[in-house]
Structures are given as C-alpha cells and as structure tokens.
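Number of protein chains: 2
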Amino acid sequence: MTVPDDAGPIVVQKYGGTSVATAERIRAIAERVARARDDSPRLVVVLSAMGKTTDGLVALAHEVSDDPRGREMDLLLATGEQVSVSLLGLALQHKGIPVISLTASQCGIRTDDAFNIARIESIDTRRILAELDRKRVVIITGFQGMTRDHEVTTLGRGGSDITGAAVAAALGASVCEICTDVDGVLSADPRKVPHAMQWREISYEEAIEMASSGAKVLHPRAAEVCMAYRIPIHVRSSFHDGEGTWIRRGDEMVMEQAAVVGVSSDRKIAKVTLIDVPDRPGLAAEVFRDLAARAISVRLVIQGASAAGLGRITFVLDDEYVEGATRLVDDWKSRGLATAGIVDREVAKISIVGSRLASTPGLAARMFAVLAREGINIDCISSSEMKIACVIADAHVDEAVRAVHDEFFPEGTAPQAERATR
Amino acid sequence: MTVPDDAGPIVVQKYGGTSVATAERIRAIAERVARARDDSPRLVVVLSAMGKTTDGLVALAHEVSDDPRGREMDLLLATGEQVSVSLLGLALQHKGIPVISLTASQCGIRTDDAFNIARIESIDTRRILAELDRKRVVIITGFQGMTRDHEVTTLGRGGSDITGAAVAAALGASVCEICTDVDGVLSADPRKVPHAMQWREISYEEAIEMASSGAKVLHPRAAEVCMAYRIPIHVRSSFHDGEGTWIRRGDEMVMEQAAVVGVSSDRKIAKVTLIDVPDRPGLAAEVFRDLAARAISVRLVIQGASAAGLGRITFVLDDEYVEGATRLVDDWKSRGLATAGIVDREVAKISIVGSRLASTPGLAARMFAVLAREGINIDCISSSEMKIACVIADAHVDEAVRAVHDEFFPEGTAPQAERATR
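Same order as they appear, the protein sequences are chains A and B.
146 is the number that my numbering gives to position 146 of the first sequence; each next residue is one higher, with no gaps.
224 is the number that my numbering gives to position 224 of the second sequence; each next residue is one higher, with no gaps.
What you were told as hints is all true, and nothing was included just to trick you.
Derived CB-CB ranges, DEER-like: (1) A:A59 x B:I378: 50 to 56 Å; (2) B:R280 x A:T22: 52 to 58 Å; (3) A:A28 x B:R134: 46 to 52 Å; (4) B:R126 x A:T22: 40 to 46 Å.
Some chain A residues flagged as far from chain B (calculated, every beta-carbon gap over 12 Å): (5) V175; (6) D241; (7) K268; (8) G282; (9) S334; (10) A369.
Honestly, the hints are just simulated from the structure, not real lab data.
Here the structure is a predicted model, which means the values were calculated and not measured.
We put the CB at the ideal spot given by N, CA and C, even for glycine.
Chain A on its own, in the form it takes in the complex (with noise of 0.2 Å):
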C-alpha cells in the first residue's frame, strides 16, 4: 500500500510506563496528544503498560508457578498495554478526538513464535493506515505481536520501544518520538551526576552504545531499527513539550561529533572466572559453545595469558544468567576444564560512550587515571570503537561515575552544549 504525497507525515509517539501509571496521568497524556493532533493530524501513538502492572503480572505468575515461561506468560503479560491503550482511548473519545485503540495483534505486528523474547517480523500496514485516513488517532500495544498463528507474543522488557520503532519504520514516519520520564539523552544518569548534560543530538550508534552499557533511556534494538530505515528519533519528556534530544545519522548532523557522548553504569552484571584452564585448542570455544546452548550472552571476555600452561577465562555477564553460570562451573570442573570457577556479584560496569572514542588517542587512558586518582581498582577492561567499559567493584560505582564524568564534562558546562565548543 502506498501513502498517498497529500497525506501528510506521519508521527509515532511512544509513552513508556511513567508516563501513564495513573489514571490522572493518562488523562494527562489524552492532553498532549491532543495537542499533537493539532500539529501532526496523522498521529500513531504506543503504549507500555501502566506504571507496575507488567511486575504485578509476573510476581502473580511466580505464585501459580515456580517457573512461568511460554505461550501462557505472554497470554498473561500482554494485557498490561491492553488496559492502558484501552484507557487511552476512552480518555480520549471522552474529549471528543477520534481514536481507535489496537492490540498488536488487530494491527498486525507478526513476530516469530520465540515466546518472552520475540521479534518482529512484519507490520501488516493496511489497518492502522486506513485508521488514519479515517482522521483517528491511533494507539497501538507496544511489547507485543502475534505469530502467524495468532498466538500473542512479547518481545522482553522494553519491547515497547522497538515496537515505537518499528511502527515508525513501516509507515515511514517523519519521526519516532520516545516519550519518558527524562528530558532527553543525558551525559550521565542524573541522580548520580546532578550536572549532568542534555545533548541536543546524538548519532544512532551512540544511542546504542549508550542504551547498551546501562542508560535506560530506550531500548537499543529500538534505535537500530531507525537506524536501518534512517527515521529520526526524538527523545524528549512527557511532562511538557520541550525539545529533548534528537538521535539521527551522524553524517547528518549540524554539529562536529563528539568523543564522549556519555557516562554510564551497570550494577547488574557478574564476572565469572575460571582458575588453571588448560591451555588446550578448542577450550575456550567448548565453554563458550555451554554458555550459548543455554542462551547465557556473555558480554565482555578476557583470556588471560597462560603460566605454566594453565590459563584463565573471565566473563561477564546479566545478573539473572548467574544460577546457570554456576552450574555450568561445576559441570566444568567435573569435566577438567578447570579447578575452580569464582562467581562474584559485587562487580559493576562503568562506561564511557562515544563517536571513535578508541581511535582517538589518550581518551581511555584519562579515563583510567581519573579511576586511579580515587584508588579505585579496575578489574577487566574491554573497548570497542564506541565504547570503553570497565568492571570495578560496584560499592564504588557511584562515585566512579562521578569522577569520570567531570574529567569529560567539567562542572559548569553549560547544558544542551554544542558539540563543537568542547
């Protein structure tokens, strides 16, 4: 199907769970759409569920069942976005603006039948366009699709955001605005950094670096969708109407890039090491072979060298792949891959995030001085183009951020900063 020239843009807003966790809240959210409506008449918007209600759904789940996973848990967990889309809706209708609100599986986001962590496949177009041309705002389900056999999927937490995405993406929206409680893509989580920087615009890829290495703002699948099908994302609040923080195609952007887009952190993760691994061909590739068959992404790895021909792995991974670490270490030591295996959970992960951070010289090890003048100990290292992230211990993690967030962003820069200017 093909939009008509004259039809006008389309726009995609996404609000996440705060943003409409009461009913006072969405009545507030019918307000901005309005609004909205008034500037962009072709108006799509998703919907997380209201505030809590996806861990009220799991913790009732974990009361029926020691295990609640599968077909039923997504049966379960997709009437959050039901509720509040459904509210949306009267709230609207209430102020007589013309809505139709859509579950995921009434608008036609197709996943793959892969329960709990499913991915969209395809957006069937066809009604939420014809619902626009009706002159309706529409709200769609976000978190959830169906599989080509009607079965209701979800696609993990934060799927919200890649469903806003993908949306976008199928209607060739102007812009994907994600909606939330901050302002904007920050420097550093502000409750830890009160001098924290909004950018005005960052590139996709710093997005996902930055999404990836603990900052909540969205959902790094999410901005990789935009990226592939080039829609601008706007983050921005959903308490007023201000501008936030524009993410698009660095080759696109007004400004100079940045070295260093952002600090942040990660408390849960655990580093797992395994103490006189053989130095033996195919070793490393068994252990890593167990940890992929039982879906356990590792997300930073060093080899140590080996004395004596007896070596050392460390990983890193999620906290809540740590029971199955465990036992896989025992499974390890029974097999002679190694004499112990050191679970630890008190870690956390500190990153910087940036455009070439890793080819411009000198930034890491600022990074790493600033680290060493407050005696903190680093405990593995890994970097990448785009990011350089260090496992400390997490009792230090706050200050950590702190620090090396005013050696990049002295105190006293001025918010909204033009990139050019530092």
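Once you have looked at the hints, place chain B on chain A.
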C-alpha cells in the same frame, strides 16, 4: 467437524470470579481441574475474571471518562479473563498437566458487534477439538467474544455463564458445570434464610425464572442456551466435589414437578409512576417506545384503570436505568403525557418461582396472605405461569423472604428434599 464416537464425552466447567479471586484459589482450582481430568479426559474450562477485577477496570475507566463504553471499553474489560486463563494455564503447566489457554478470539467465539452487550452468533470449535485431541485441557476466557472484523466484544455482566453454556452447546458436551461459591440451587438465599433447601434437580424453565428474579446462581441466558441444545447443567461448589443441583428438561426429571422451587428477592430495582396520564390510544405505546429507544428495559408494567379519563402507568426497572428514566419523565411532562412522575428507589421485589404456579390454585393467594399477616403492603403484582412477583418497600424485603419461604418450606424440611415428598 464431527467428533469421533470413541473420543469420549466432553465436560465443560465454568468457574466464577470468586473461585479464581487469588493466586491461592487458582492453585486450588488447578488441583480440582487435574482431578476432573482423571474422570473426564476431554475437559474444557471457562473462566471469569479474578474477583473484583472487572469492577476495578470499570472504576479506572470512569476515572478517564464520564461515559466509558463501546469498543474501547470491551477491549479494556476483556483483559480480566485473559489474566485468569493465563494464570490457570501456568498453574496447570506447573503440575505437569498439558493445557492451553485461549482467548475468545483464538477459539473462534463469534459475536455480533453490540459492544458491551454482545450476543454469541457462532463458535468455530475446530481449534478447541484439535487441542482436546492433543490431550490438552482447554481453558477459555468467559464473558467475551470477537466480531467478524476481529474486534473484541463482551457479553455483559454474568457473561461467563453464557460462554460456558454456548461452548458446551457447540461441543455437544455431556454436561455444563457451573462451579460457584454456593453448593447448588437453593430455595432461597441462605444468608437470608438459613434453613434454605438445596435442590437435587430443577427444570431449565425454573432455573431461568429463578435467575431472572434475582437469584444469582447462573445467568438466565446460559440456562436458555443449554435448554435449546439439551445440555444438562450441574450447578455445584468450586470448593468441594459434592453433588450440586442438576438442571434438565422437566420431562426427563425423575421426580414430580414442584410447585414452588424458590423464593428470591431483588433490591436493585426502582418504580416509576406516571400520574394523570390521558386515556388516549397509543400513549402507552409512546412511553414504551421512548424507553426502548434508550435501551431501558422494563421489568414489570401496571397500567391502572383510568378515572375521569386520566390514568396511571407504573413500571419497574433496574436501578441502573433510573437516571435515563428520570430524564424521560421530564420529557414526557413537557409533552403533556403526564402531570407528574414519581421515581421510587426504596422498593424491592420478592418472587416465588416454580412450575405451573399460575395454574395451581391458591399458591398466589398463600403468598399474599403471608405478606398481609406480616403487615407488608404489596405495591404491585405481576404473575406469569412460572413466577409471581410482588413489589414491596425494600425495608421489609428480608423478613418477607423468610416469611414466604417458611410458608412453602416449613423449617425442618430436609435438605435435598425429594420433590415428591412435599
């Protein structure tokens, strides 16, 4: 699709909201379903929403809109049963029972598009039968359906009973079990009449009249559907495995037809009296056309004899329609249909229900005599072959129920009394 003869009979169980009100109760229902499956391997379970979930959703809707209804309201309310079927599915999976939870849309319960009060048009049983053939317990959301265009609808209050009956009818089930928080169909509400008797069996017609006259045992439309398809209903407790009350065709019943099977009452009514109504042809029709146009259903009508060309029209309606009726009264006054209209909410209805009531001499007279002896004024009376209903002051309704019940079922009558012995 035909069911192979050797596949065995299908049992449909419906559980109400109080039976699945908490995670603990859902676990208990899972135990019960697992036991039922041992006896009846082809088992379909229809669920209501947990406890007061629907009330909570309605309250939320009223926080965002003054008049929440229509399509988005149904999308909202339908989440309640989706939660309960998912949780029971997870609880049964946890016990190792093969199971699948289906929404009304997934199992093909097609309704008309009268949102909020939809009627089931057809059920495509292919998915249900395929799942039963795979040895799975099939759990279905009650109370809801979908239109031809895949819009979500709901059937109105008590609609889960209707779903249970319609599913049982479509599958040609051997029984439709209504599992609830009472032990069966009683001769009166046991909270009002402690020595109320439980029936071993009653006819469909009696059940329909009991349900319509305020007894909360099951939805009258559910009994109508089962009557049309000759599916026996078994009203029984969710909390123990004891026998409840069977509802079947009168001519199949082994015991003699009762005269009176129950005494019920309903406080949620109001009485509207139009004063000085001109005795003009077509005027009553005009009044009732106006009521029908506003979807106000009237339960009882009394048109008084006219004196000097002016008469009275009295009608009794459900509480929820009072506001609409009050607006109509003003309209009628302005159009000269009446000089005044009195809306009285302090009324209640007491009914006796049974077979051949009107044609059994003296039963109505005994009811009126008891009320007179208790000094309770009868405001108006309606009678049909199966029911005699009196409108009285609501302050007296509980004592009226006790007195009338004592007349027909003197204290000391054994529970589960043989009908023939009365």
